[in-house]
Amino acid sequence: MGGGAYATKLRHLATVLAFASQGIHLWVLPGQLAAAMFPGIFFFGVAVGQGLLGTSLLFGGGRWRARLGVLFNVFVILVWLLTRAVSIPQLFEPIQLPVEGLGAAATVIESALVVVLIALQRSMPRKRKVRYTR
Amino acid sequence: MSITRRHLLKMGAMAGAGLALPLGAISVPVGRLAASSSVRSPGVEPFTVPLPVPPVTKPAHVHGGADYYEMVQKAARQEILPGLKTEVWGYDGVFPGPTIEARRDRPVVIRQWNELPVPVSVHLHGGKTPPGSDGYPTDLILPRGHDPGAHAHAGHGSAGKHAHMFKDYSYPNAHRAATLWYHDHRMDFTGPQVYRGLAGMYILRDDVEDSLPLPKGDKDVPIVICDRTFRDDGSFYYPSLDPTLQEEPGVLAHAANGMFGDTILVNGAPWPLLEVSNTMHRFRILNASNARSYDLALDPPPPGEKAFVQVGSDGGLLEAPIRHDRIAAAPAERFDVIIDFSRYPVGAEVTLTNIGGEGKTRDVMRFVVARGEKEESAVPERLAPDLDFPDPGNVEVTRRFQFIAGVFGGMSAINQKVFDPDRIDARPRLGSTEVWEIFSDPSHPFHMHLVHFKVLSRDGGPPGPYDAGWKDTVSLRGGTVRVAVRFEGWRGKYVFHCHNLEHEDMMMMANFEVV
Ligand SMILES: [Cu+2]
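From first to last, the protein sequence lines are chains H and G. Those letters in the first sequence? Residues 1 to 134, by our numbering. Those letters in the second sequence? Residues 1001 to 1515, by our numbering.
Chain G extracted, bound-state conformation (with noise of 0.2 Å):
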């Protein structure tokens, strides 16, 4: 009897001490990647609501020949689906922020104000700028009451240079015309801050593009596509591990390979409608998602003709257009286009689909041909002059980088080694061409701070169509891409990283230092 008693005493305590301890501390955490991962937006009823397009800013005040502008970085409330309101952290509390337009050869000067609660870094991507103003991810501007010793990032290396509330960024914008844009860069939460909302466009204009008959005015739009998921309440859902962004970095481990929301926003506006005339409109696609890859087309196609006239990529026009059925666009990609509505009656709508997505997803947005117009616009068969690409003949370096996302949450990682802002991976020479050749596991965006590159190949075949012109991000689309790259601008210490924005936070980013 004693012995069966103490029997099942130890069967007892085992199971408690072996089990039930064990299983209690995982139901937490369990539960959590759950919930998280059952988050649904509320419903909205696509192609209802009318496509926003972001203010254009105007500078504070003009002198010496640049435009001195300033932004403030704050918390708003924006209705970004109808009936409910989303707290968004933008550019003068704007999302997406207002758009800047420049001029070749004309320097902006930007004061960002840090009025959110948390430390920020302002990149203007696809920029050429010199490396105080790119927006290192440890060069921070704190906020009001801020400790600069908090945020050293213990085990991330050294501390940056911080600035106290503001900060002015310069960008010569010493480049041909081109569609940036600009995002928060903040080491560790790039994620999560661009999600709330900080991004915006920089559309540089030059000459060379003025005098091209492409469409102009309110037929020249920005197309700022991006993903989100909303609580019911409105709020955007982003899992991170610490909703406050103040300490622990990093996402459940659901979403360490990206986080894919549910809704299709385009300008910040969920599934919109843009009503156009019967006339060609030039786009200018900005992948702003996070990790969402999109494979556009229109739906219907137009009859016996290709959907979009690429005109221009990440660095600017093409030498010559470029006919596409569809476009595939990495996060943070840019595709310049035209669609040509003519092809289309009068009442038709058109719906740009992305083939790669799943249910609500599938769609992004609609134009209805709203009216008949006679056409003032034309794309020339010679867009920009010869666009001086790097010689590969040339070349003084080949580096290679292998791309490996974590698993299940792990780090990501370049050559096996996760960011540290003090090891530097490449030092090249300032006025060199390299040829830098990058191979990954499936879907990473490769992008470059300070330059633009040429792909030379794709799996050691020809580049992609999607790989035209001037790049500063290429899709590596699981596979080897060669680019040249020539080091020009600056000397000094620059991020090249995934611009999956998760992969780049779990610290698949490294840097290079021009010598």
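Isolated chain H, as found in the complex (with noise of 0.2 Å):
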């Protein structure tokens, strides 16, 4: 379990977030997958994950959760950002009128849980004492 109440803090705050990007998520994805299937699929799996983390975070948080939780973020937020560098309309652009405000918001809600995640772990004290070499 994390230690002290500013990991406490953190943890919750980050649940929170997750929560929230899972939300916009679980919004836009029935309307998303009547349309197009790559973005549906994408979206229901980022609403599962956003749903693990948010959850496990609420009853504790090692480090390794945080960690995944960073990797699982960075990911859906390059997603996000690729597809708005790169046009590839036949796969991420279904017709529906667009949800870039949605979009934008769920990155930025992303981005704030990246910084909280790693806030959070770098508070945390290690759990075991060995050090394993890399």
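Quick caveat, the hints were computed from the structure, so don't treat them as lab data. Heads up, a few of these hints could be off.
[Stated by the list, open to error] Pairwise CB distance ranges (calculated): (1) H:Ile118 to G:Pro1442: 23 to 33 Å; (2) H:Leu81 to G:Leu1023: 27 to 37 Å; (3) H:Phe75 to G:Met1165: 45 to 55 Å; (4) G:Pro1442 to H:Leu78: 27 to 37 Å; (5) H:Leu81 to G:Arg1323: 50 to 60 Å; (6) H:Trp27 to G:Met1165: 34 to 44 Å; (7) G:Ala1015 to H:Val74: 23 to 33 Å; (8) G:Glu1358 to H:Ile118: 49 to 59 Å; (9) G:Lys1010 to H:Gly45: 17 to 27 Å; (10) H:Ala85 to G:Gln1402: 13 to 23 Å; (11) G:Gly1460 to H:Gly23: 50 to 60 Å; (12) H:Ala5 to G:Ala1015: 28 to 38 Å; (13) H:Val86 to G:Asp1218: 52 to 62 Å.
[Unchecked claim] A few chain G positions that, by computed beta-carbon distances, are all more than 12 Å from chain H: (14) Pro1050; (15) His1061; (16) Gly1064; (17) Val1072; (18) Gln1078; (19) His1146; (20) Asp1218; (21) Pro1239; (22) Ala1320; (23) Val1379; (24) Leu1387; (25) Phe1401; (26) Phe1408; (27) Arg1427; (28) Gly1479.
[Stated by the list, open to error] Stretch-level coverage of chain G by chain H, calculated; a stretch enters the list once three of its residues show a Cβ under 8 Å from a Cβ in chain H: (29) 1014 to 1027; (30) 1086 to 1097; (31) 1410 to 1424.
Ideal placement from N, C-alpha and C gives every residue a C-beta, glycine not left out.
Work from the hints to combine the two standalone chains into their complex.
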């Protein structure tokens, strides 16, 4: 279990952010999946990942949980950036009216989540004193 | 104990938030997709309904050597499947719309009234039409009470020139005789609006054609082939994301590569029957389907001879007839063919089949050779004067366009760009000849407004058997097609696009501006 009141605060903040990102993806998921499968399946994956991350953070949070959370959210942010930088309309752009505002909001939330998770990771004492060489 | 309970609580919460919520969120669209792709039309006994022929409409008045028509686009209930009523959106409330008979160099002006609940735009397919009358996708006729601002289509560029309740379309008809058709072209919603019935024939005639001994009168028959799926109550089924066609464009992902109906209609009747005499008949075949291509043949084939004699293509009569066993017609293509029923005994039943179809869509319609009659028609070996094709030696510019369709609902694009009314992708000079090289992933019918073109080559070889004559639509069949185009008539902005209407609505369209 994470150490100290500061870490607990960070953990709760991360939980809120993960659920907020999940909420946005759950909100757009039904419409996106009906119109275009690739974005729909991706949003489903994000909703699952953020739901699992948020819940597990609610109940505690080891360093590896935070690390996985960082990796997952960095991946989600990179996919968002990539689909904005490289236009592959056949895969990533359904004809539906754009949800750009929500996409940007989710990305801001995910970026904040990455920062909080890194802070959380640093605030926590290592579980094992034994150091593994990398 | 408390640790176990906490553990259980955690697992339960993770399962709930991490799995149950997302699964709940996808259950609605997954259910919708499954339900949509399993809609089947009520059964119809094929070859029992007589082939209807769309009514030929008369001008409201004639003035100064031009014909003035009035047409009202409205909803009406029509018996398509025996015993059931279907709400159609039709020109004058009929599906297919009334046929317009026009003469070369005699202008036609059609006042189109919009009494439908949605905006419309009317395009004369194959017509050499000034830009203001060409039915540009955002040049809408708004229905009564519609707020123009509501149709700017956020994200799809500027609004076009809107008319309110009606608009006059002018067609100069300065063109050789040809089988044209008119249909809806509203931005983002062409597929569902044509599907509901907004399509009709426009037959342009001239003295050259009149002088030929081809079958005439009731032996010159329009054949408008399309596929539809019906619900049990007889209504059309189309998988729109927004069935009101007011806000959200597009179709459910399973239909993104085209809406394929399970019921074949000819002139608005399912698998109809036509009684003919044992003489030649001329059939102006139009594939008015949203997405389905047909590979037409006669069953049984006439003994020892080719089934069809093609006399015309999209742009009118060929120089000389071409004999075919089969006719492959992609959406929007026209094939003007003669079938000689004297090769069958009186009493014979001859089915027009679709070799490429499966199940019920393998049949199209049936002819019954009902009586003997003296032959009064002939197919001369010379049909039209020299067709004056563009000279490939005179080409100013060669352009290349790549058509790639969306995957599982993604948008379809030309040169990796989706349609933007404000972006011009080609600026040909008025009077110039260009070569356009179109290459594609499988199966796109490529269509250009304003111009006709000559197919120069297909996949590096000679043009295919169905590429003869002047064309305005050519099936790419997954390969590369080179066409020579002469830009004549008017300066202005026109579209070229895929005539798979679901692809078109999914943005597989671009602009050229004749300068
Ligand atoms: Cu296409």
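Quick rundown of the hints versus the structure:
no.	hint	verdict
1	H:Ile118 to G:Pro1442: 23 to 33 Å	violated, 48 Å
2	H:Leu81 to G:Leu1023: 27 to 37 Å	holds, 28 Å
3	H:Phe75 to G:Met1165: 45 to 55 Å	holds, 53 Å
4	G:Pro1442 to H:Leu78: 27 to 37 Å	holds, 32 Å
5	H:Leu81 to G:Arg1323: 50 to 60 Å	holds, 59 Å
6	H:Trp27 to G:Met1165: 34 to 44 Å	holds, 38 Å
7	G:Ala1015 to H:Val74: 23 to 33 Å	holds, 26 Å
8	G:Glu1358 to H:Ile118: 49 to 59 Å	holds, 57 Å
9	G:Lys1010 to H:Gly45: 17 to 27 Å	holds, 22 Å
10	H:Ala85 to G:Gln1402: 13 to 23 Å	holds, 21 Å
11	G:Gly1460 to H:Gly23: 50 to 60 Å	holds, 54 Å
12	H:Ala5 to G:Ala1015: 28 to 38 Å	holds, 30 Å
13	H:Val86 to G:Asp1218: 52 to 62 Å	holds, 58 Å
14	Pro1050	holds, 40 Å
15	His1061	holds, 42 Å
16	Gly1064	holds, 45 Å
17	Val1072	holds, 30 Å
18	Gln1078	holds, 30 Å
19	His1146	holds, 18 Å
20	Asp1218	holds, 44 Å
21	Pro1239	violated, 9 Å
22	Ala1320	holds, 42 Å
23	Val1379	holds, 45 Å
24	Leu1387	holds, 38 Å
25	Phe1401	holds, 15 Å
26	Phe1408	violated, 4 Å
27	Arg1427	holds, 23 Å
28	Gly1479	holds, 19 Å
29	1014 to 1027	holds (count 9)
30	1086 to 1097	violated (count 0)
31	1410 to 1424	holds (count 7)
Of the hints listed earlier, those the structure fails to meet are numbers 1, 21, 26, 30, in rising order.
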